[in-house]
Structures are given as C-alpha cells and as structure tokens.
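Since the structure of chain A is provided, determine the placement of chain B on it from the hints.
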Amino acid sequence: MASAPQALPSPLLKPPAGTIRASGKRDSVSSWPLSDRVAYVLCWTVGIGLCVVAGAIVLFMFVKGLAYLRPSLLAEHPSPSQNQATSGGFLDPIEGTLLLTAVGIAIGAPVGVGLAVWMSEYQRPAWLARLVESGVEMIAGAPSVLLAMFGLVLFARPALAFLSQTSAGGSVFGRSFLTAGAMMSLLALPLVVASTREALMQVPGHVREASYALGKTKATTIRKVLLPSVRPSIANGVTLGVGRIVGDTAIVVVLLGATIRLEGAGGAPGLSTLRGTGGTLTSYVLFNSPAGEGNAHEKAYAAAFVLLLMVLALNVVVMRLNSSRASSGERLDKSSRWRALRGGLPWIR
Amino acid sequence: MKSLLGGGAAAAERRAELALRALAMGVLVVIAGIAITVFTKAWPSFAHNGIAWFGSGGDVDTQFNAMINGSRDPAHYVYHFRAWPLIWGTLLTSGLAVIFGMVISILAAVFVVELAPAQVKRAIDPVIRLLAGVPSVVYGLIGILAIAPWVEHHLISNQRKRSVEYVVQLTGANLSVATLILTVMIVPIMVAIIASALESVPRTWTEGSAALGVNRWRTTWRVSLRTVRPAIVAAAVLATARALGEAIMLAMVAGSRGFAPNPLDGVTFFFEPVRPLAATIIHYIDDLSIVPVAQTLYAMAAVLLVSCALLSLAGWAAKQPMKRYGIRA
Chain A
211 MASAPQALPS
221 PLLKPPAGTI
231 RASGKRDSVS
241 SWPLSDRVAY
251 VLCWTVGIGL
261 CVVAGAIVLF
271 MFVKGLAYLR
281 PSLLAEHPSP
291 SQNQATSGGF
301 LDPIEGTLLL
311 TAVGIAIGAP
321 VGVGLAVWMS
331 EYQRPAWLAR
341 LVESGVEMIA
351 GAPSVLLAMF
361 GLVLFARPAL
371 AFLSQTSAGG
381 SVFGRSFLTA
391 GAMMSLLALP
401 LVVASTREAL
411 MQVPGHVREA
421 SYALGKTKAT
431 TIRKVLLPSV
441 RPSIANGVTL
451 GVGRIVGDTA
461 IVVVLLGATI
471 RLEGAGGAPG
481 LSTLRGTGGT
491 LTSYVLFNSP
501 AGEGNAHEKA
511 YAAAFVLLLM
521 VLALNVVVMR
531 LNSSRASSGE
541 RLDKSSRWRA
551 LRGGLPWIR
Chain B
59 MKSLLGGGAA
69 AAERRAELAL
79 RALAMGVLVV
89 IAGIAITVFT
99 KAWPSFAHNG
109 IAWFGSGGDV
119 DTQFNAMING
129 SRDPAHYVYH
139 FRAWPLIWGT
149 LLTSGLAVIF
159 GMVISILAAV
169 FVVELAPAQV
179 KRAIDPVIRL
189 LAGVPSVVYG
199 LIGILAIAPW
209 VEHHLISNQR
219 KRSVEYVVQL
229 TGANLSVATL
239 ILTVMIVPIM
249 VAIIASALES
259 VPRTWTEGSA
269 ALGVNRWRTT
279 WRVSLRTVRP
289 AIVAAAVLAT
299 ARALGEAIML
309 AMVAGSRGFA
319 PNPLDGVTFF
329 FEPVRPLAAT
339 IIHYIDDLSI
349 VPVAQTLYAM
359 AAVLLVSCAL
369 LSLAGWAAKQ
379 PMKRYGIRA
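Those protein sequence lines, which keep their order, are chains A and B.
Numbering-wise, my numbering puts 403 at position 193 of the first sequence, and it's gapless, one number per residue.
Numbering-wise, my numbering puts 347 at position 289 of the second sequence, and it's gapless, one number per residue.
Extracted from the complex, chain A is given alone in its bound form (with noise of 0.2 Å):
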C-alpha cells in the first residue's frame, strides 16, 4: 500500500498542469488507484449497512409489534397461562418498568450530580479524587449481571430486611423494587456523572470568579450559578441513565424476581409494592421468549415493540437535549457529539 503521491512541484519550477487546486481540478474519486476506490466503496457499504441494520430491526419490530400489540395488552394484569387467550396483557410489566426507572433515577441523579460536582469543584483531597474517578469508570465498564449478584449478597443482609421481605424462616430475600432500583441507579450513574462533570468543566472560570466577587460563598456558587447552566447537560446524562436502565434485564432477573405481576409485600400500599417483587417489560420479553417459560411469541413481540418504543422517544429527547445545549451557548466541542455514546464509558477523559 506504498502512497504514490504526484510528484511534487518544486516552488522554482513550473507546476505541472492539473496537480494543484489552483488549477481548479479537484481530488476526484475516479482517479485513485484501484485499491483506494475498493476501500472507499467499502466504507460506504458499511455505512449504508449499518443504516439498514438499524432500519431493519426497527421495521421488524413495527411490523411485528403492530401486528399483536392491542391496546388491552396495555390495560390487563399478566396471568400465569399456558392458554395464549387468557395470559392477559402486560400492565404490571410496564408499571414495574415506570417504577424500576423512578426509584433507581431517583437515587442515581442526585449520587450523580453530587459526584460530579465534587469531582469537578473541590477534589480534595487529590488521591480520594482520582480513586473515585476510578471506580466510577469501573462501574462504567462492569456487567449488570455482576452488579446484581453483588446487591443479592448485600440486601440479603439482615440489616437491610427492611428494603425486602424477610421469610417466615428468617432470611432476608433481598429482591424488591428498592434493592434493584438501587443496583439499576448504580448503572445510571456513570452517565449521570459523565455528563455533568464534562459540562461543569466547561463553564468558564470567569463565571465562577463573578459570583465570588459579588461575595457568594462557594457552594452558593454551585447551587444558584453553576448547576442552573449544566441543566441541560444534567437532563441528558439523566435521560441516558433512564435508557440504560429501561433496557437492563440482568438486574431485573437476578434481583427483582422477574415475576410476572407486580407482588407486594404487605403493608401499606405504596410501600408494599416497593418491597415487593415484580418484573419489567424485558423480563416480560425474557419470560415470553422461546428462552423463557412463557414461551408467547405474539406477547413478546408487543412488549418488545412497546420497550423499543420507550427507547426511541429517550432517543429522541437526548437528541433534542444535544440540540438545545448547543443552541444554548454551551460550548461543545468537534467530538461532543459523540459523546452521548461515549458518555459515562470508561473512555471519558
């Protein structure tokens, strides 16, 4: 693959006609070498491929899921049936997906942004810093499956009975909405922190020195000038979060039973579903699956269908967040569009 560049002209001599652009003959593909315009063709194969595999499944789904969703799959509780007529809909699927999301964002954001505003303001000490810094990518890059068989071990401790049920012999069961949407926070929050941290460290310093000046103390600062200007930032890594979240199944198996309904645990109602167990839509998908017990192809393609939906409109948000941020004045920088992907990966830097 020896480049044959044009020879070169030499500023004394006469440029050959048709080598330079002053001449107005622009880098065309039809005269690179053979092997140059093989590559160029592939690139573009690969690119349109992938528009067609993205475009692929979302029709598949479309035309699968139109063809079994019924609005009453959305308003029937599941049963446990072999019976296709009476398995019900999926109500409690989608509830305990609004719930799950709810009570891991709900402790995630805040972890997050908190982090993230640690990270980037104080930072002290230094090595605390930089091991946090750490472990927050470690969690990045770790399996969820890896992070629910370790919240099966710590929420089965006694000392934590009160986020699950505890069983007539004693031990603590340790799945429930609160103890899985603790594990699903954990995935949300290296998008939250991400996020937040990449935008906080953009705000100008100068920003920061007015409202010294003005004689507002440094967490006023961050509390009424610099959390204020990263909200859209903050809304994006949090809208990614729920994305990650809505889509994981390891968690929802392992550590929130993957029932069918939602299964309280007794008490006061709100509380009671909380602490209970439950599933979401993907254990629903699961469940349905030639994979799972239910086995219900129709089923498990609505429920797919209704999931992918929930995914495109954070797609869509997160898109329109992007927008909004740039439209906004915050400086975002050649490669920040990438950074959603990017965004709480451990190849944030």
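Hints listed in this document are in silico derivations from the structure and should not be mistaken for laboratory results.
The model shown is predicted, which means the values in this text are computed figures rather than measured ones.
Just so you know, even glycine gets a beta-carbon here, dropped at the ideal spot from N, CA and C.
A hint or two may mislead.
Unchecked claim - Facing chain B, from chain A, some residues (calculated, C-beta under 7 Å):
| # | residue |
| --- | --- |
| 1 | Leu301 |
| 2 | Leu341 |
| 3 | Glu347 |
| 4 | Val355 |
| 5 | Val363 |
| 6 | Val464 |
| 7 | Val495 |
| 8 | Leu496 |
Okay, now just chain B, sitting in the frame of chain A:
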C-alpha cells in the same frame, strides 16, 4: 464540632464540601464492596478446585446438576467444576465479535467522519445511537425468533446435523448467530470511540498531507487512522469488556449449552452451541439458593469482574499515547 454545626457562611461551606466528600467515599465503599463481596462468595469454589477450575474436563452442565442434586450438608458440598467450556465460549463470542466489529467500525467511522456528505452524516448519527440503545433482550428476541430459525432451516444441512448428533445437537441458536448479534451490539460503541478520535485529529495534519498531493482516502488511511491507532485499540478493548458482560442476549441465542465448540470441526464449528460465563449465570440463576451453585456462579462473576477491570485499565492505558499528540478525544 461547634464550627461544623454552627451557623455562618464558612461553616455552611465546609459542611457542603464534607457532605459531597462523604458521598464520594460512600460510592467508593460500594465499589470496594462489590469486589470484596464477589470474591468472598467465590472463594470456596476456587479453593476446592484450585487452578483446575479454569481447566477443561467433563460437561459443565453435568457438574452443575451434581451440585444441585448433591448434599445439602455443608461438610459434603459438591464443588467439582471445570469452567473451560464456558471460558472458551466467552473468548469465542467476544473475540470473534470484536474482530468483525473492529473491521466494520473502522470503515464505518471513516465513512461517518471523512466520506459521508453532510446530509448522510446527520442521518447516521441517530442510527448509531439507536443501535447502541436497543435493549439486549430485544436483540435476543430478534435473534431467537427471526435469525435462529432461518439459520437452522437454510444454513445447517441435515447431513451436518447427523454428522455430530452423538456429540451435540445443532440448532439455530449457535455460535455464529451469537457472534453476529454481538457484533451489531458492540459496533456502535466502537464507532463512537474511533469517530470521536478521528474528529479530533488536528486539521493541519490532514491538510498537510492533502497539500502534498495525497488523495483523500490515503490521507485518511495513512495520517488520520494512524494517528488514532491508540483509540482503535481502546475501542477494541472496551468493546471486549462490553461483550464479556453481555448476558441476556447470549443466554437467548447462543444455544444455552455448556459446550466447547471445536475449531477442528470445520464449518460445523460455527454452528455449535456455546454458553459464555455471563449467560451461564443467568441460566442457573434459579438455583442460586443452593450454596455450591451460588458460590460457583460468584466465581464466574469474579472472573468477569477481574477481566472487565483489567480491560478497563488497558483501555485507559491504550489511549495515553493520544495525549502525547495533544489530542483530547
């Protein structure tokens, strides 16, 4: 203590910082807790099998059944376990997916950054984001309901099925389907890393090359891609970490049998079932109440944890040379 609790701006200031620091330490404790817990739970399985835990020997599913049906008396727990088929399955699915994914994502990243016209660029952005956002269970569903049956009926001949029927049953859920879907799942991430690195290659470098009369493709190939080589390595490493941890999709479409495909089988190799470590954890999750099974599953989780931590570290190290060029990507 008085200064901590008392009023005054300075005290409030200090409280705010301490609260945030406590939060940071709390998160750190949780992370340390993950590692310690997993290893403590995993220890008996490693201790009973020694280094042979990683070796081969026997059928893993038989070994799991022995644990499930074994004694409930702690003194007589059955721990015998040889994880090689699962480790081999993990290496195969992740390795193959990363190799294919690498080629695809380099070409795609070049396309997105250098070649695509502005309109196409705008369109491909949401596409990649969508591919990254589709939940793994949806990928798994498409795989098991659409791709696997097609592969079973069109690509695996009856003759091929009969040729290995005494060893393993070939179905549509197999290594090739798992690799295919896993590739689609990791490509968006790799594209994102490589593309963002490509975009941060200093413009003067490529302009310099273009000024020397090098055409656009060779400029990309020889200057831009060479500059972002560390990012390509990082992308591969981090995508591997992602592939290792994928559990649900692989539990659905990889065949769910603890079988070690044999490369000597030729083409049949690609149609043999596998079950990587993470998928095995999901597969046996219902038996978690049986202590030896749980400890073996935690041992597998520990292997995943160590691999992911090492890969995370390697990804970070791989990107360091980029900083030398002053490229922040």
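Quick rundown of the hints versus the structure:
1. Leu301: With Cβ-Cβ at 19 Å, over 7 Å, it is violated.
2. Leu341: This interface hint holds because 6 Å falls under the 7 Å limit.
3. Glu347: Since the shortest Cβ distance to chain B is 6 Å, the answer is holds.
4. Val355: With a closest approach of 4 Å, the A/Val355 hint holds.
5. Val363: Check passed: Cβ of A/Val363 comes within 5 Å of chain B, closer than 7 Å.
6. Val464: Check passed: Cβ of A/Val464 comes within 6 Å of chain B, closer than 7 Å.
7. Val495: Where the cut-off is 7 Å and the nearest Cβ of chain B is about 5 Å from A/Val495, the hint holds.
8. Leu496: Interface hint status for A/Leu496: holds (5 Å vs cutoff 7 Å).
In this structure, the one hint that does not hold is number 1.
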